[in-house]
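A.B. asks: The lines below spell out each chain.
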Amino acid sequence: MVGITSYGAYIPRMRLDRMSIFQAMGWFAPAIMVVAQGERSMCYWDEDSLTMGVSAAQDCLKGMDKSKLDGAYFASTTFPYADRQNAGIIKAALNLKDNITSADFTGSIRAGASAVLAGINAVASGERSNVLVAAADKRETRPAYFYEMWYGDGAGALTLGKDNVVAEYLGSHTVTHDFVDHYRGGLNRFDYVWEERWARDEGYSKIYPEAINGLLKKLNLSAKDVSKFAFPCIFKAEYKGIAKSIGAKPEQIVDNKHEVCGECGTAHSLIMFISALEDAKPGDIIVMAAFGQGCDAMAFKVTEEILKLAPRDGFAGCIASKKVIDNYNKFLVWRQLITPEMGIRAEAPTQTAMSTLWRKNKMILGLVGGKCTKCGTPQFPKQDICVNPDCGAHQSQEDYEFSSRTSYIKTFTGDLLSVSVDPPNKYGLIQFEGGGRYMCDFTDCDHEELKVGLPMKMMFRRRYVDKERGFTNYFWKATPDRPKMAELAKVRFDGRVAVITGAGGGLGRIYALELAKRGCKVVVNDLGGSRDGSGGGDATPAQKVVDEIKALGGEAVANYDNVATQQGGENIIKTALDTYGTVDILINNAGILRDKSFLKMEPENWKAVLDVHLNGAYFVTKPAFEIMREKGFGRIIMTSSAAGLYGNFGQTNYSAAKMALVGLMNTLKLEGNKYNIKVNTLAPIAASRLTEDIMPPDIFAKMKPEFVSPLVLYLASEDCKATGHIYNAGMGYYNRAAFITGPGIQLGDPANPPSIEDIADNWADINDLDGGKELNDATAALMDLATPKVPKEDKPKAQAPAAGGGGGGGASVAPIFDAMPAHFKPDAAAGVDVVFQYNISGSGGGDWFVAIKDSACTVTKGQHEKPTATLQLSDEDCMAMFTGKLNPMTAFTSGKLVIKGDVMKTQIIEKVFEPPK
Amino acid sequence: MGFCSKAPCNRALFTMLGITIFMNTSMEEVIAFKCCALPDQNLEIHLHNTGKEALSIKSRFVLDDGPKPLTITAVYPPTGIKLAPGQTAAIYTSMDERVWEQYRSIRFEEQGGIFHSFAINTNKG
Amino acid sequence: MATGIRDKVAIIGMGCTRFGERWDVGGEELLVEAFEEAIADAGIEKKDIQAAWFGTCLEEINVGKSGLPLSTSLRLPNIPVTRTENYCATGTEAFRGAVYAVASGAYDICLAQGLEKLKDTGYGGLPNPGSNGGTLPWQWWPNLTAPGSFAQLASAYGAKYKRSDAQIKDAMSHISAKSHVNGAKNPKAHLRKVVSKDQIKASPIIAHPLGLFDCCGVSDGSACAIVTTPEIAKKLGKKDIISVKALQLALSSGSEMAFDDWDGDHFVTTSICSKRAYAEAGITNPREEISMMEVHDCFSITELVTYEDLHISPRGKAIDDILSGFYDADGGLPCQIDGGLKCFGHPIGASGLRMLYEMYLQLQGKAGERQLKDPKLGLTHNLGGFPFMNVCAISIVGKLDA
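Chains as they are written, first to last, in this note's numbering: chain A, 1 to 917; chain B, 918 to 1042; chain C, 1043 to 1444.
Isolated chain A, as found in the complex:
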């Protein structure tokens, strides 16, 4: 079987919004509006057909053994060299073996397809076994016409062979006609195009069907046997007619990608074909055809092997990675369609010594360095003497490729001084994974993205163009590895150690698995007992989970101790210390049920539940807390329950234990705060051994622990700053539960306690939670209870929780208003005639109006009947704003400052008063 063994694509990341072209040139050529949808791909200033071809080939070779390639074909109508084999440069860039057939294919936009057929023929004949075919184009267009809009820049690549074929070659049919819809003479820069209507009528609509129907007939197929037809045509409307002529339905026609990248010349047939291949199933037949002085049409049948291909960007991946710009002038400058003054500093000698380039061909084009066989140091460049100061061996290095290795930024800068067409010029020192580094140009990135430690990947790019001599030289530059950045941005637990009690099944098991998947080392504790705690001493559940983790490539160790004893708790933590040296995260998850209505609740059932849930948490948390305090980091999660928070019939023991854990958390959070130990509580709703036959099976199925674990893992992460919080989680629903304490009232006075009747009369107010708040600790709660209360009508809405305890009511703001006239600037108030009413709420508040007229300012207590504008604030906020602690914008946008009336006039305040100190 001969066919395609792999595929790859490259579409430049930069995309030009077509509307920006219209906006710039629509005044001159309004008709271009009709094609101004979406974006066209555009080469970065240092990209061309050759660099794109290399990138597409790299994508294609992912997971392949490139040393097996014995043929390399490169197709383009925009080669950088008319005479210097371009395919040979690709061979050098990919560091392919010397004994390889290489050839350039050019002359028409079907050259890419022709190269594929040539490759197929070479393999089928037995002359070659593995051929790489790359096609790329970066076509030049004059501004303000359709082609600038229709064309894009891009590349595609395929490998052809006999082994592990993913799409079997079924056959081809070619027609050759000297039909000149457009041409570009050897010395010209731009295509010359003939009438589009004629090109469609006499060209596309006749020649495509001729070739494709010829193919179908040869293969004894009809259009309905084919899943997809991939053939480029810039006239989108023509597809309908061509489809009809080949007997295909619209759904079978692959989209020509106009909206997302545009037509990429001779690469486009491959690109469209690859986009179909990515979504194809084994058994699908895909036809690829390319128009250009005739037409090459060929068919492939997808095989099962396609499911085994290593991941690659392909067309979909490249399209998704994009940066859209609307700076049309950038397009024009980068393509030399306008030539700005570069200044004298840019005049630098640019001669390239061919003899040096040949001696260092692998280094410059292939980014091949060395690895010392004596000390093992990878290094770039490879020199006669090893770079390691402690080694210094002579001629001891073997070739070592860097081009596909990940690197990280060690130092960098954005240089506004260097001559650049995309300032600032970015470069820095990159350090390769595995060793080796060099000072490197960065490309295709913004200065704001760069930081030390950013993962980078290497790209083959233009280094300079020697215009005088017509020589382009290439080298490798670094660009941010965005998929890897996304990977690394995930919440990770690398280097962290977690202990999870009761992790043999249910919630605990999922916590353990998920943490391990993200790099955490896990101690899986489980006694192995049944739901009521009986039986047990069964090692299997914990060990099974450990085995599962290890199979995923993670690290875990089992522990079988009972949480409910001091020795047990210490042993569990000791396992963590002995195995991994520390503890960072503790999830107290172990628990049992002994449900009985209260009267039937025997002492041993009451005690057993409290022992496991509450005392177990104490026995395990205590030794863990000591370690966390020492290291200044800890994340502790208690498992509570709705039963504890709200109550549940028949579960007094369980409810008491689960609520007691909240009590433990409330104080532990205070004791742990200054050591960055965060303690939170989870009330999960999930299916587990605990709830197995309590819930109906169909609801049980929806209550997967996987819906609870994301929140728990977040609480366990370094990023999570919450502490002392309770969360309900389950089935995809998440909320926070908290205690709200009502404002309360004061009754009686120091000499006279209130009577029972007083209490009864004021019962509603005592119970009122309106305006209640969260309180951080007991002291804060006492203070809050004992501070004077605000009269009911003026109460502000419920506040966000006060972080460090906070009493109510603020200090009086009257001094601020008394002092206002002293800060008034009469010179700045010429012609001003306004009255601003301030209504300050809170016990320290009041009403004042500030009148400014005839360059004088008066402040009067009370309410003005017709103020220009009214400003409302609480006393605390007013104090904070006037002392510069509260930013007025924040106050306004958060609703703390409310302005009514002529808002615009309040701008005078800034002019006529001195700013806050």
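Honestly, the hints are just simulated from the structure, not real lab data. Some clues are possibly wrong.
Claimed, not checked - So the derived list for chain A, only partly shown, Cβ under 10 Å to chain C, looks like this: (1) Glu347; (2) Ser355; (3) Lys410; (4) Leu416.
As the list claims (entries may be wrong) - Computed footprint of chain C on chain A; a stretch qualifies when at least three of its residues, placed anywhere within it, have a C-beta under 8 Å from a C-beta of chain C: (5) 383–392; (6) 424–436; (7) 441–455.
As the list claims (entries may be wrong) - With a Cα cut of at most 27 Å, we get these calculated DSS-like pairs of lysine-lysine: (8) Lys975(B) / Lys323(A); (9) Lys985(B) / Lys911(A); (10) Lys1239(C) / Lys999(B); (11) Lys905(A) / Lys985(B); (12) Lys885(A) / Lys999(B); (13) Lys1202(C) / Lys457(A); (14) Lys1239(C) / Lys969(B); (15) Lys457(A) / Lys484(A); (16) Lys674(A) / Lys1204(C); (17) Lys1211(C) / Lys999(B); (18) Lys969(B) / Lys721(A); (19) Lys1317(C) / Lys1359(C); (20) Lys674(A) / Lys885(A); (21) Lys825(A) / Lys866(A); (22) Lys451(A) / Lys1359(C); (23) Lys885(A) / Lys969(B); (24) Lys1211(C) / Lys451(A); (25) Lys631(A) / Lys1202(C); (26) Lys162(A) / Lys97(A); (27) Lys911(A) / Lys999(B); (28) Lys825(A) / Lys1041(B); (29) Lys451(A) / Lys1202(C); (30) Lys490(A) / Lys1202(C); (31) Lys969(B) / Lys451(A); (32) Lys999(B) / Lys323(A); (33) Lys244(A) / Lys206(A); (34) Lys517(A) / Lys308(A); (35) Lys975(B) / Lys905(A); (36) Lys490(A) / Lys1204(C); (37) Lys900(A) / Lys969(B); (38) Lys905(A) / Lys969(B); (39) Lys1204(C) / Lys631(A); (40) Lys218(A) / Lys162(A).
A virtual CB, placed ideally from N, CA and C, is assigned to each residue, including glycine.
Fit chains B and C to the known structure of chain A by using the hints.
C.D. replies: Only chains B and C this time, still in chain A's reference frame:
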């Protein structure tokens, strides 16, 4: 504190900017020498972000309270000034001192349209 | 067994032109200007000079190759003249040639002269060598500039010692402000206006995070020294003879940019070179024993890390010393008393000798407004290249009888 100057924006937005003026600055010689195409930049103005929000100030200003409002756009650096909270950056321009002294107010504008006015030449009559 | 250079060579005369945009003169005239001052200072005749070392770095944009520009401009009578070059350390390299020639006993009196005429290019700043920078480097070196390369020291230093951008900016601004204050007192300096620390901090960025005042500009100038043995100096009637205590060079092996060790935050060469210089001069506590220094302040960040590479500020603590004024003119160890590269100027080939010129004047009490009280030992640090690949040259001079 700055306010929104755009008509449809009917709420006040508050950001904090401060300025310091250096007329006939000693920086003129150095800028002319080190940035060779920029001679005569004798007026230096420091823009301070005294608030808690990042600021983006346009490279231009308007002189007010004088003969007639004067807009200066030939300001270096020309790409606008971005200021993190607490940060200060300088702009430079060429300004005839006699013209400058005729004005009593200067106004800077943020990218979003919010403007900030300051008194200048307060020691002159 | 080699015994080093300490006290084997004396400086009997020095000259230095005004540095700046010298439209009025070419390199040929600058050489004569500095030389005339030196020969008068030495009190000898031109014919007494037996050999000369001429340092110029970018000869292709100023006087051209070989030692001939010096011998023909000064009309030296068919004596040996050697051209030396080692990037920005060229000046000290020329000095080294003359000093070793005298110390070897091959010659009695020698001349070392540095020159650079940078303002005939038609633009400000250093030229881009392009393919003239070497056939291989041209094909793979990044499109870097000096500011961009040195700027990277700042991010690396900040990351290693947990110093914020603001702290580093503050220290760099202090460094520049101090140099401007010093330069204002120097009639030969290129930039002579005092600029405040706030103005420096607010100035535009050249290469993140270096601003306009963190980078030196280009200047024209020449400086020279006449050296001989201490015995001959005494015979010539010199009192308070200034001698060379140490003269060391260290060059990168290429490990900074290709081996995995270096963190990008300091100069490997300076750390090693300074230790050798202290050993040669018999200095055990440089912070205490050195009275004054001129370091290579092409960029403020260079000066900052150099304080640590010279083992004067402890690692990670340079910022504290800087902000406490330790390196100011009235501080514990005044640095850049003549204004440094930033304010005096940086005609590449002349800089190393200009640094020595200030040390020489200070030791003789002839530094006018800038005079420090009773200096004993002066150190010059002259660096060429980039943080990741460079030449470090250090000299220490002092009174012969100290």
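A.B. asks: Could you run down the list of hints and mark each one as holding or not?
C.D. replies: To see whether the hints hold, each was checked on the structure:
no.: 1; hint: Glu347; result: holds (8 Å)
no.: 2; hint: Ser355; result: holds (8 Å)
no.: 3; hint: Lys410; result: holds (6 Å)
no.: 4; hint: Leu416; result: holds (6 Å)
no.: 5; hint: 383–392; result: holds (count 4)
no.: 6; hint: 424–436; result: holds (count 8)
no.: 7; hint: 441–455; result: holds (count 3)
no.: 8; hint: Lys975(B) / Lys323(A); result: holds (25 Å)
no.: 9; hint: Lys985(B) / Lys911(A); result: holds (20 Å)
no.: 10; hint: Lys1239(C) / Lys999(B); result: holds (20 Å)
no.: 11; hint: Lys905(A) / Lys985(B); result: holds (23 Å)
no.: 12; hint: Lys885(A) / Lys999(B); result: holds (23 Å)
no.: 13; hint: Lys1202(C) / Lys457(A); result: holds (24 Å)
no.: 14; hint: Lys1239(C) / Lys969(B); result: holds (24 Å)
no.: 15; hint: Lys457(A) / Lys484(A); result: holds (9 Å)
no.: 16; hint: Lys674(A) / Lys1204(C); result: holds (21 Å)
no.: 17; hint: Lys1211(C) / Lys999(B); result: holds (17 Å)
no.: 18; hint: Lys969(B) / Lys721(A); result: holds (22 Å)
no.: 19; hint: Lys1317(C) / Lys1359(C); result: holds (19 Å)
no.: 20; hint: Lys674(A) / Lys885(A); result: holds (25 Å)
no.: 21; hint: Lys825(A) / Lys866(A); result: holds (24 Å)
no.: 22; hint: Lys451(A) / Lys1359(C); result: holds (24 Å)
no.: 23; hint: Lys885(A) / Lys969(B); result: holds (10 Å)
no.: 24; hint: Lys1211(C) / Lys451(A); result: holds (18 Å)
no.: 25; hint: Lys631(A) / Lys1202(C); result: holds (21 Å)
no.: 26; hint: Lys162(A) / Lys97(A); result: holds (19 Å)
no.: 27; hint: Lys911(A) / Lys999(B); result: holds (24 Å)
no.: 28; hint: Lys825(A) / Lys1041(B); result: holds (16 Å)
no.: 29; hint: Lys451(A) / Lys1202(C); result: holds (14 Å)
no.: 30; hint: Lys490(A) / Lys1202(C); result: holds (25 Å)
no.: 31; hint: Lys969(B) / Lys451(A); result: holds (24 Å)
no.: 32; hint: Lys999(B) / Lys323(A); result: holds (23 Å)
no.: 33; hint: Lys244(A) / Lys206(A); result: holds (12 Å)
no.: 34; hint: Lys517(A) / Lys308(A); result: holds (23 Å)
no.: 35; hint: Lys975(B) / Lys905(A); result: holds (24 Å)
no.: 36; hint: Lys490(A) / Lys1204(C); result: holds (25 Å)
no.: 37; hint: Lys900(A) / Lys969(B); result: holds (25 Å)
no.: 38; hint: Lys905(A) / Lys969(B); result: holds (24 Å)
no.: 39; hint: Lys1204(C) / Lys631(A); result: holds (20 Å)
no.: 40; hint: Lys218(A) / Lys162(A); result: holds (22 Å)
No hint from the list above goes unmet by this structure.
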